[in-house]
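Novice: As you go down the protein sequences, you meet chains S and C in turn. Just so you know, this note's numbering puts the end of the first sequence at 617, numbered straight through with nothing missing. Just so you know, this note's numbering puts the end of the second sequence at 351, numbered straight through with nothing missing.
If you're looking for bench data, these hints aren't it; they were derived computationally from the structure. Hints are supplied without guarantee of correctness; some may be wrong.
Pulled a few chain S residues facing chain C out of the computed Cβ check, cut under 10 Å [said to hold, decoys possible]:
1. ILE33
2. GLY36
3. PHE37
4. PHE39
5. PHE65
6. GLY149
7. PHE301
8. VAL303
9. ALA314
10. ASN339
11. ALA368
12. GLU530
13. HIS548
14. PRO550
15. ASN551
16. ASN552
Note that CB positions come from ideal geometry on N, CA and C, so glycine has one too.
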Amino acid sequence: MSTAVTHKQGFGAFLWDYLTTVDHKKIAHLYLIAGGFFFLVGGLEAMAIRIQLIKPANDFVSAGFYNEILTMHGTTMIFLAAMPILFGFMNAVVPLQIGARDVAFPFLNSLGFWLFLFGGLMLNASWFLGGAPDAGWTAYAPLSTTSPGHGVDFYILGLQISGAGTLMGGINFLVTIINMRAPGMTYMRMPLFTWTIFVTSVLIIFAFPALTVGLFLLMFDRMFGSGFFDPAMGGNSIIWEHLFWIFGHPEVYILVLPVFGVFSEVISTFSKKRLFGYTAMVFATVLIGFLGFMVWAHHMFTVGLGPAANSIFAVATMAIAVPTGIKIFNWLLTLWGGNITINSAMLWSLGFLPTFTIGGTTGVMLAAAAADFQYHDTYFVVAHFHYVIVGGVVFGIFAALHYWWPKMFGKILNEKLGKLTFWLFFIGFHLTFFIQHFLGLMGMPRRYWVFLPDQGLDTGNLISTIGAFFMALGTIVFLINVITTSLKKQEVAGDPWDGRTLEWTIPSPPEHYNFKQLPLVRGLDPLWVEKTEGRKEMTPAEPLGDIHMPNNSILPFVMSLGFFIAGFGFIYQVDDISWLSLVFVGMGIALGTMFVRSVKDDLGHHIHKEDLEKGAK
Amino acid sequence: MKGWMGKFRALFLFSSLLLVLSGCGKENLTAFVPEGYGAEVSLNLIIISLVVMVFVILVVMIVYTMVLVKFRQKKGKEDFIPKQTEGNKALEIIWTVIPIILLIIIAVPTVRATFDLADESKADESLNINVTGNQYWWHFSYNDQDIQTSQDLYIPTDTRVYLNLKSSDVIHSFWVPSISGKMDANPENENTMYIEAYEEGVYYGKCAELCGPSHSLMDFKVIAVSPEEFEQWKKDMKSVDPEAQPETASAQEGQKLFQENSCIGCHAIGSSPAAVGPNLTNFGDRTKVAGVLEHDKETIVNWLLNPDELKPGNKMAGNYPELTEEEAGKIADYLLQLQPSEITPESAGNE
Ligand code: HEM
Ligand SMILES: [Cu+2]
Numbered sequence: 001m002s003t004a005v006t007h008k009q010g011f012g013a014f015l016w017d018y019l020t021t022v023d024h025k026k027i028a029h030l031y032l033i034a035g036g037f038f039f040l041v042g043g044l045e046a047m048a049i050r051i052q053l054i055k056p057a058n059d060f061v062s063a064g065f066y067n068e069i070l071t072m073h074g075t076t077m078i079f080l081a082a083m084p085i086l087f088g089f090m091n092a093v094v095p096l097q098i099g100a101r102d103v104a105f106p107f108l109n110s111l112g113f114w115l116f117l118f119g120g121l122m123l124n125a126s127w128f129l130g131g132a133p134d135a136g137w138t139a140y141a142p143l144s145t146t147s148p149g150h151g152v153d154f155y156i157l158g159l160q161i162s163g164a165g166t167l168m169g170g171i172n173f174l175v176t177i178i179n180m181r182a183p184g185m186t187y188m189r190m191p192l193f194t195w196t197i198f199v200t201s202v203l204i205i206f207a208f209p210a211l212t213v214g215l216f217l218l219m220f221d222r223m224f225g226s227g228f229f230d231p232a233m234g235g236n237s238i239i240w241e242h243l244f245w246i247f248g249h250p251e252v253y254i255l256v257l258p259v260f261g262v263f264s265e266v267i268s269t270f271s272k273k274r275l276f277g278y279t280a281m282v283f284a285t286v287l288i289g290f291l292g293f294m295v296w297a298h299h300m301f302t303v304g305l306g307p308a309a310n311s312i313f314a315v316a317t318m319a320i321a322v323p324t325g326i327k328i329f330n331w332l333l334t335l336w337g338g339n340i341t342i343n344s345a346m347l348w349s350l351g352f353l354p355t356f357t358i359g360g361t362t363g364v365m366l367a368a369a370a371a372d373f374q375y376h377d378t379y380f381v382v383a384h385f386h387y388v389i390v391g392g393v394v395f396g397i398f399a400a401l402h403y404w405w406p407k408m409f410g411k412i413l414n415e416k417l418g419k420l421t422f423w424l425f426f427i428g429f430h431l432t433f434f435i436q437h438f439l440g441l442m443g444m445p446r447r448y449w450v451f452l453p454d455q456g457l458d459t460g461n462l463i464s465t466i467g468a469f470f471m472a473l474g475t476i477v478f479l480i481n482v483i484t485t486s487l488k489k490q491e492v493a494g495d496p497w498d499g500r501t502l503e504w505t506i507p508s509p510p511e512h513y514n515f516k517q518l519p520l521v522r523g524l525d526p527l528w529v530e531k532t533e534g535r536k537e538m539t540p541a542e543p544l545g546d547i548h549m550p551n552n553s554i555l556p557f558v559m560s561l562g563f564f565i566a567g568f569g570f571i572y573q574v575d576d577i578s579w580l581s582l583v584f585v586g587m588g589i590a591l592g593t594m595f596v597r598s599v600k601d602d603l604g605h606h607i608h609k610e611d612l613e614k615g616a617k
Numbered sequence: 001m002k003g004w005m006g007k008f009r010a011l012f013l014f015s016s017l018l019l020v021l022s023g024c025g026k027e028n029l030t031a032f033v034p035e036g037y038g039a040e041v042s043l044n045l046i047i048i049s050l051v052v053m054v055f056v057i058l059v060v061m062i063v064y065t066m067v068l069v070k071f072r073q074k075k076g077k078e079d080f081i082p083k084q085t086e087g088n089k090a091l092e093i094i095w096t097v098i099p100i101i102l103l104i105i106i107a108v109p110t111v112r113a114t115f116d117l118a119d120e121s122k123a124d125e126s127l128n129i130n131v132t133g134n135q136y137w138w139h140f141s142y143n144d145q146d147i148q149t150s151q152d153l154y155i156p157t158d159t160r161v162y163l164n165l166k167s168s169d170v171i172h173s174f175w176v177p178s179i180s181g182k183m184d185a186n187p188e189n190e191n192t193m194y195i196e197a198y199e200e201g202v203y204y205g206k207c208a209e210l211c212g213p214s215h216s217l218m219d220f221k222v223i224a225v226s227p228e229e230f231e232q233w234k235k236d237m238k239s240v241d242p243e244a245q246p247e248t249a250s251a252q253e254g255q256k257l258f259q260e261n262s263c264i265g266c267h268a269i270g271s272s273p274a275a276v277g278p279n280l281t282n283f284g285d286r287t288k289v290a291g292v293l294e295h296d297k298e299t300i301v302n303w304l305l306n307p308d309e310l311k312p313g314n315k316m317a318g319n320y321p322e323l324t325e326e327e328a329g330k331i332a333d334y335l336l337q338l339q340p341s342e343i344t345p346e347s348a349g350n351e
């Protein structure tokens with residue numbers, strides 16, 4: 001009952017294990033699988049967009065359908081692919097990096113995942129239930145409040161549910177990092193990935209409530225006839241833009257800060273050097289996080305806020321370039337003088353540096369308000385943000401996948417296929433998006449279902465679509481890599497990369513209690529500190545003893561299912577009041593599970609000292 | 001300042017000319033070749049920021065290349081442990097201070113240009129035009145002149161023309177890249193911007209804010225003519241008699257059908273400001289049907305028979321009785337002869 005059960009089990013037991021797990025490492029698997037699935041869905045949508053735009057006045061998809069694809073592509077990529085995959089890595093890595101046996105709230109962790117998944121499923125269910133949302137991932141009112149059908153309702157409830165899950169994740173990781181660091185792990189000894197997750201968690205806690213509030217107002221406008229965003233009823237549609245971007249701009253940093261952390265780890269490991277300017281990197285991260293909240297209106301330069309507001313937000317936005325520049329140069333100087341190994345994880349990091357530099361510099365160009373009057377809402381912006389979120393976030397995800405795969409699964413991804421993936425994707429990426437900077441200035445607005453013949457936009461769009469096919473090819477090669485690697489038996493030791501941080505001190509994949517004895521941290525890059533003194537392992541900070549672990553629970557799954565059901569009730573009660581019964585059923589299930597959770601004692605279990613000793617031999 | 005700016009502009013114009021010549025970018029659409037004040041101010045700022053940013057990229061790329069060439073693992077030195085440098089205060093201060101200086105170089109002209117383009121001090125003494133964005137067409141009302149048009153906006157060259165932008169439904173954004181940057185048309189308030197075109201010509205405008213299925217088909221034209229021609233055009237427009245009898249029999253019947261089939265309920269001819277649909281006063285002089293389609297009889301007939309297919313989601317569909325092809329042809333004849341003025345896109349140099 002008490003030891004980690006690793007022997008063979010049937011599929012049913014395996015499934016049950018994952019449905020009920022509260023182990024952060026298994027939740028990491030779930031996030032990776034679900035996020036990866038949505039990434040493929042979003043990628044398919046991207047391909048549909050690019051095929052439609054392969055030639056002028058194309059009719060591969062219809063106008064209304066195009067807007068649905070476009071909206072779902074953006075929404076899926078941001079909320080259901082990029083962020084969850086990053087959550088996967090936080091779950092897999094952060095507790096290990098800080099030398100903790102678990103996260104602060106394992107139950108909440110599981111609940112956060114299931115809420116995200118059910119929210120995502122709800123959003124995508126719209127495809128089969130009469131049409132997806134079609135007002136763009138930004139859902140500007142009054143287009144969103146007046147959009148016919150239920151598409152936007154699915155957007156509202158899907159994001160509300162999955163957003164609640166994200167918020168829980170943020171709270172959980174903030175508390176985990178504050179409270180559960182191993183003895184000796186001071187703040188200024190935390191690995192940079194943990195630092196970025198720390199700041200990201202804070203951003204989530206401040207940014208997501210703005211989205212929650214905005215979505216509630218939108219929900220009331222659409223479902224209950226209020227007029228928050230309706231000028232005819234004394235409302236104001238610009239308020240939505242503010243609420244959305246007060247959430248939406250920090251969201252960009254919620255995505256990109258974690259991969260800054262990933263690159264810091266990867267670059268330092270594979271150049272065999274400690275991170276250059278660690279302190280500056282930490283402060284740059286905090287500063288970027290802070291400024292991220294100060295600049296939302298740079299998405300609104302053309303809204304008519306006036307020159308004073310525009311100027312203030314322009315200058316504030318430019319200021320972000322300073323800490324970002326510090327980071328770029330510190331990475332370069334980490335490489336400088338190093339002993340650089342170029343493998344797949346490193347290739348993605350090296351590909352990131354120039355790509356992200358371009359994305360960052362076009363960001364400064366966009367910040368120049370009077371110039372943005374030309375860029376805004378054109379393909380220049382599409383190019384810019386894909387340079388940042390693909391060249392940053394997606395490259396970072398690939399780097400993290402190759403870097404931490406052995407730790408998570410005990411196997412190393414194939415290097416040849418890894419490199420092939422990189423080159424296909426990297427070349428395809430630049431083919432697709434570089435030319436779009438020019439397309440934008442040559443007069444192509446974004447979110448265009450067709451561009452007209454004879455306006456000089458044909459060649460650029462064709463090249464762009466060809467590039468997209470290269471990226472798709474790269475992704476396929478990666479999938480092949482994952483499948484063939486999973487079929488292999490080969491196991492790796494705890495420390496395949498000659499690592500520097502705590503996650504490399506334990507076996508791969510780790511036991512479910514992570515650390516038999518909590519390690520004593522004696523400096524930055526604790527494992528490296530031990531290695532330089534000739535040891536291979538950490539010095540333990542405690543004697544071997546019983547370990548307390550939480551019990552599995554199906555409640556998070558059931559509770560999320562309840563909200564999922566209630567969501568349909570809310571959406572369809574507009575058509576027929578009897579759908580309200582679903583709201584009651586769903587909320588009943590959710591509240592019921594909450595009740596059970598509150599009154600039923602669940603004290604967890606212990607892994608006994610004797611069993612731990614047995615496992616060691 | 002002016003001197004080196006001029007050089008950069010020359011260089012830039014030259015390279016963008018290359019772009020144009022190689023078939024990339026249409027000269028009355030692209031923001032690379034400014035034909036108006038706003039576009040020029042924006043382009044200057046684009047160039048300043050681009051130059052600074054290319055400098056940054058170059059510095060990064062030089063260090064990057066050196067790193068990759070010099071510090072890759074060498075054969076036989078796999079175990080080499082590099083020096084574990086902690087950081088370097090002096091270096092870190094340098095790459096904090098230099099970017100700040102570079103940003104100031106961009107920020108100062110940015111603020112100046114932003115205020116410049118928002119300057120409304122001359123609005124009273126200039127031409128003012130009310131612009132309304134609708135799903136999916138644009139309405140232009142020269143209020144004090146008693147003139148209404150749609151899709152084609154006539155302005156005099158070398159004159160600041162103030163536009164008061166508003167939307168009648170969802171948010172749109174008014175953009176004529178080669179003359180000026182964009183400004184949103186919101187449903188709750190009026191936004192003001194000015195445009196000024198240097199040369200006579202027809203400039204392509206687009207809606208830049210997602211506004212529904214036919215967002216990408218919400219094109220319009222700005223037709224810049226000399227101030228004298230503009231006066232003439234105004235006179236011609238004002239002297240239009242909405243009831244005037246067309247010359248040909250077919251067009252006469254078309255006129256009757258136009259009135260009987262409730263077309264007139266949405267489309268005014270003349271200066272009546274009713275604007276559920278585009279004002280058709282000078283329809284015969286337009287370059288496009290519905291902003292994007294060929295301007296010929298066949299297309300107009302198609303449009304009348306099935307507008308929703310040509311412009312999905314537009315609000316004309318289903319709002320009038322079915323027409324036969326023959327009836328539609330007559331209406332087309334009527335509409336095509338609505339040519340009140342000699343001043344047309346052709347005369348302004350539309351190819
Ligand atoms: C396979 C690579 C990708 C391709 C080819 C691609 C292509 C596109 C295209 C063509 C658009 C539409 C632009 C428009 O008409 O305005 C778009 C929009 C967008 N993409 Fe991607 N994309 C890719 C990956 C991603 C990723 C990985 C993310 C985020 C993690 C992302 C986020 C977005 C967002 C947020 C939008 C805006 C959607 C909207 O305007 O509502 N894309 N993408
Ligand atoms: Cu529009």
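Novice: Run every hint past the structure and note whether it holds.
Specialist: Results of checking the hints against the structure:
1. ILE33: At about 32 Å, which exceeds the 10 Å cut-off, the nearest Cβ of chain C leaves the hint on S/ILE33 violated.
2. GLY36: Given a least distance of 29 Å, the restraint on S/GLY36 is violated.
3. PHE37: violated (27 Å)
4. PHE39: violated (24 Å)
5. PHE65: S/PHE65 check passes; min Cβ-Cβ to chain C is 9 Å, inside 10 Å.
6. GLY149: Where the cut-off is 10 Å and the nearest Cβ of chain C is about 12 Å from S/GLY149, the hint is violated.
7. PHE301: holds (8 Å)
8. VAL303: This hint holds: S/VAL303 lies near chain C, its Cβ roughly 5 Å from the closest one there, short of 10 Å.
9. ALA314: This interface hint holds because 5 Å falls under the 10 Å limit.
10. ASN339: holds (5 Å)
11. ALA368: holds (4 Å)
12. GLU530: violated (14 Å)
13. HIS548: Because about 37 Å separates S/HIS548 from the closest Cβ in chain C, which is outside the 10 Å limit, the hint is violated.
14. PRO550: Violated. Min distance 39 Å.
15. ASN551: Hint on S/ASN551: violated, closest Cβ of chain C at ~44 Å, above 10 Å.
16. ASN552: violated (43 Å)
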